[in-house]
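S.K.: As they're listed, the protein sequences go chains A and B. Mapped onto this note's numbering, the consecutive letters of the first sequence carry residue numbers 1 to 215. Mapped onto this note's numbering, the consecutive letters of the second sequence carry residue numbers 1 to 300.
It is worth saying that the hints were derived from the structure and are not from the lab. Among the hints, erroneous ones may be present.
Derived DSSO-like pairs: lysine-lysine, alpha-carbon spacing no greater than 30 Å straight-line [what the hints assert, rightly or not]:
# : chain 1 : residue 1 : chain 2 : residue 2
1 : A       : K144      : B       : K218
2 : B       : K97       : A       : K41
3 : B       : K218      : A       : K175
4 : B       : K275      : A       : K175
5 : B       : K218      : A       : K196
6 : A       : K211      : B       : K97
7 : B       : K218      : A       : K164
8 : A       : K148      : B       : K97
As the structure is a prediction and not an experimental result, all values here were calculated from the model.
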Amino acid sequence: MGSKPSTAPYGLPLHVVEPKKVRLQIAFQSELDPAFAQRVKWRAHGEAFLNCIQCGTCSATCPVSPYMDYTPRKIVAMVREGFKNDVLQCLTIWLCASCYSCTVECPRQIRITDVMYALKREAISEGLYPKKLPTPVLATEFFKQVEKRGRNSEALLMMALYWKTNLVKVFRDMKLGMTLIRMGHLPLRPESVRAKGEIKALMDGVEKAEKELWS
Amino acid sequence: MRYLYYPGCSLRSTGKAYEESLLSLFRALDVPLEELDDWNCCGATAYMAVDEDKAMALAARNLSLAERQHGRSGQTQLVAPCSACFLVLTKTDRYLKGNPEVQKVVGRALADAGHSYAGTVTPRHPLDVLVNDIGVETIAKKVKSRLGHLRLACYYGCQIVRPFASFDDPRTPSTFEKLMEALGAETVDWPLRTRCCGASLMGTIHAVGMEMSYSILKEARRRGANCVVTTCPLCQLNLESFQQEMNKQFDDDLRMPVAYFTQILGLALGIPNDKLGFNKIIIPPPMTSGAPQGGEPARV
Numbered sequence: 001m002g003s004k005p006s007t008a009p010y011g012l013p014l015h016v017v018e019p020k021k022v023r024l025q026i027a028f029q030s031e032l033d034p035a036f037a038q039r040v041k042w043r044a045h046g047e048a049f050l051n052c053i054q055c056g057t058c059s060a061t062c063p064v065s066p067y068m069d070y071t072p073r074k075i076v077a078m079v080r081e082g083f084k085n086d087v088l089q090c091l092t093i094w095l096c097a098s099c100y101s102c103t104v105e106c107p108r109q110i111r112i113t114d115v116m117y118a119l120k121r122e123a124i125s126e127g128l129y130p131k132k133l134p135t136p137v138l139a140t141e142f143f144k145q146v147e148k149r150g151r152n153s154e155a156l157l158m159m160a161l162y163w164k165t166n167l168v169k170v171f172r173d174m175k176l177g178m179t180l181i182r183m184g185h186l187p188l189r190p191e192s193v194r195a196k197g198e199i200k201a202l203m204d205g206v207e208k209a210e211k212e213l214w215s
Numbered sequence: 001m002r003y004l005y006y007p008g009c010s011l012r013s014t015g016k017a018y019e020e021s022l023l024s025l026f027r028a029l030d031v032p033l034e035e036l037d038d039w040n041c042c043g044a045t046a047y048m049a050v051d052e053d054k055a056m057a058l059a060a061r062n063l064s065l066a067e068r069q070h071g072r073s074g075q076t077q078l079v080a081p082c083s084a085c086f087l088v089l090t091k092t093d094r095y096l097k098g099n100p101e102v103q104k105v106v107g108r109a110l111a112d113a114g115h116s117y118a119g120t121v122t123p124r125h126p127l128d129v130l131v132n133d134i135g136v137e138t139i140a141k142k143v144k145s146r147l148g149h150l151r152l153a154c155y156y157g158c159q160i161v162r163p164f165a166s167f168d169d170p171r172t173p174s175t176f177e178k179l180m181e182a183l184g185a186e187t188v189d190w191p192l193r194t195r196c197c198g199a200s201l202m203g204t205i206h207a208v209g210m211e212m213s214y215s216i217l218k219e220a221r222r223r224g225a226n227c228v229v230t231t232c233p234l235c236q237l238n239l240e241s242f243q244q245e246m247n248k249q250f251d252d253d254l255r256m257p258v259a260y261f262t263q264i265l266g267l268a269l270g271i272p273n274d275k276l277g278f279n280k281i282i283i284p285p286p287m288t289s290g291a292p293q294g295g296e297p298a299r300v
């Protein structure tokens with residue numbers, strides 16, 4: 001598409017991550033984690049990915065699949081077999097932009113986007129995501145902001161993202177940032193809800209209820 | 001029907017033009033749009049990746065607030081203009097009705113925060129409200145200047161038609177085009193109308209986001225559109241703000257205006273430009289038939 005070849009983060013070629021470069025970490029059946037599939041299933045609300053017929057409709061309809069190391073079809077198969085570390089450390093789950101194309105098209109009615117969300121959560125809680133990859137940082141920063149003020153400030157979010165991932169980019173994007181600020185797109189004073197206590201009670205309530213439900 | 005307006009975080013920052021034009025438009029149509037009091041973040045798609053139950057609890061508080069403000073008659077429509085807010089609110093509403101685990105966890109959290117949700121609120125997208133409640137004919141009657149000079153590429157984006165096709169077909173939606181054609185504008189037939197713009201990838205894995213947005217703009221231009229119309233603040237930001245960088249990276253001379261559908265509607269209904277937030281978008285659409293493609297740049 002482009003005239004200049006571009007490279008993805010971590011030096012991977014961008015357009016197609018060459019298949020030969022993607023090596024499974026797991027080589028023997030004994031290394032598989034059979035409980036992994038169950039855990040993901042639980043996290044994705046009992047999602048029926050065990051019904052997958054490996055037709056590949058999800059991969060075909062996914063707009064980001066050309067950039068992925070494993071296509072969505074492969075991810076489903078790998079989760080099912082228990083390739084835990086391979087799945088949680090791959091780029092695919094962070095490339096999913098949650099556009100829900102796969103969920104709509106799947107002939108077995110598997111909500112693949114929800115499976116991807118479940119995998120993102122699993123990767124964050126296991127600390128297995130690629131370090132310095134901005135997407136998990138964005139997700140956790142967003143979470144912190146909302147927990148504090150009940151609302152999210154896009155300006156502060158962008159700053160936190162630059163700070164934690166790539167300071168050099170700040171200078172590259174400075175001009176656009178200034179334009180957006182001048183046009184009133186990025187108010188620097190963060191908004192917050194009045195009933196901050198309610199937000200805290202809500203978050204604590206979820207934690208308590210989860211503990212009760214799963215203990 | 002009573003409408004409550006849920007702005008969400010985007011409409012207060014990058015989507016300011018969307019908010020201004022939306023409120024002016026509903027005022028011009030005599031449909032009262034009251035803001036949800038003390039609303040909080042919808043839980044957004046980024047939140048879902050950290051803790052889904054918390055994301056749904058946040059969304060549920062908004063639904064509960066809506067019931068508090070307008071009662072539980074079942075008539076309350078929560079208008080969420082941002083696609084992500086609309087999706088998260090809809091998803092939460094459905095999961096709270098159909099998933100016992102979510103019900104238990106979120107219900108408990110709501111109770112701890114002094115809230116409860118009876119399930120009487122319907123989250124709606126303004127496009128749905130305009131086409132299905134107010135009606136294309138009613139709007140067509142109010143058109144003051146027909147927009148014959150516009151060839152619009154209607155860009156639905158992803159999350160308003162997927163996965164919950166609450167008002168249109170998820171594969172070949174048509175409401176947007178119907179609405180725009182009622183204003184006298186031409187619409188182009190293009191296959192990328194529901195393709196993802198890259199969403200937050202633009203900020204995280206930038207190179208991928210750039211290619212996704214660029215392919216959408218290129219296709220719109222190839223089909224002869226002179227303006228892309230969008231329903232989502234993030235799509236607008238992605239498609240518009242990075243055009244200079246795209247031109248550099250892909251060696252192109254792209255100059256495609258990207259406007260909100262509420263701005264285009266306002267234009268046709270004769271609402272003055274300064275009330276439609278046109279000063280807050282970088283490349284304004286051609287306002288009159290004589291204007292050059294892409295209009296004049298704003299204060300960049």
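S.K.: Compare the structure with each hint and give your call.
M.R.: Results for each hint:
Pair hint A/K144 plus B/K218 does not hold up; C-alpha atoms about 37 Å apart against a cutoff of 30 Å. For the hint pairing B/K97 with A/K41, the CA-to-CA distance comes to about 20 Å; that is within 30 Å, so the pair holds. Our distance criterion of 30 Å between C-alpha atoms is met by B/K218 and A/K175, whose separation comes to about 24 Å. Distance restraint check for B/K275 and A/K175: the Cα-Cα separation of roughly 27 Å lies within the 30 Å cut-off, and the hinted pair is therefore satisfied.
A hinted pair counts as satisfied when its Cα atoms are at most 30 Å apart, and B/K218 with A/K196 does not qualify at roughly 45 Å. Distance restraint check for A/K211 and B/K97: the Cα-Cα separation of roughly 22 Å lies within the 30 Å cut-off, and the hinted pair is therefore satisfied. Restraint check: the Cα-Cα separation between B/K218 and A/K164 comes to about 33 Å, which exceeds 30 Å; the hinted pair is violated. Simply put, A/K148 and B/K97 have alpha-carbon atoms about 29 Å apart, close enough for the 30 Å limit, and the pair holds.
Checked against the numbered hints above, the structure violates hints 1, 5, 7; every other hint is satisfied.
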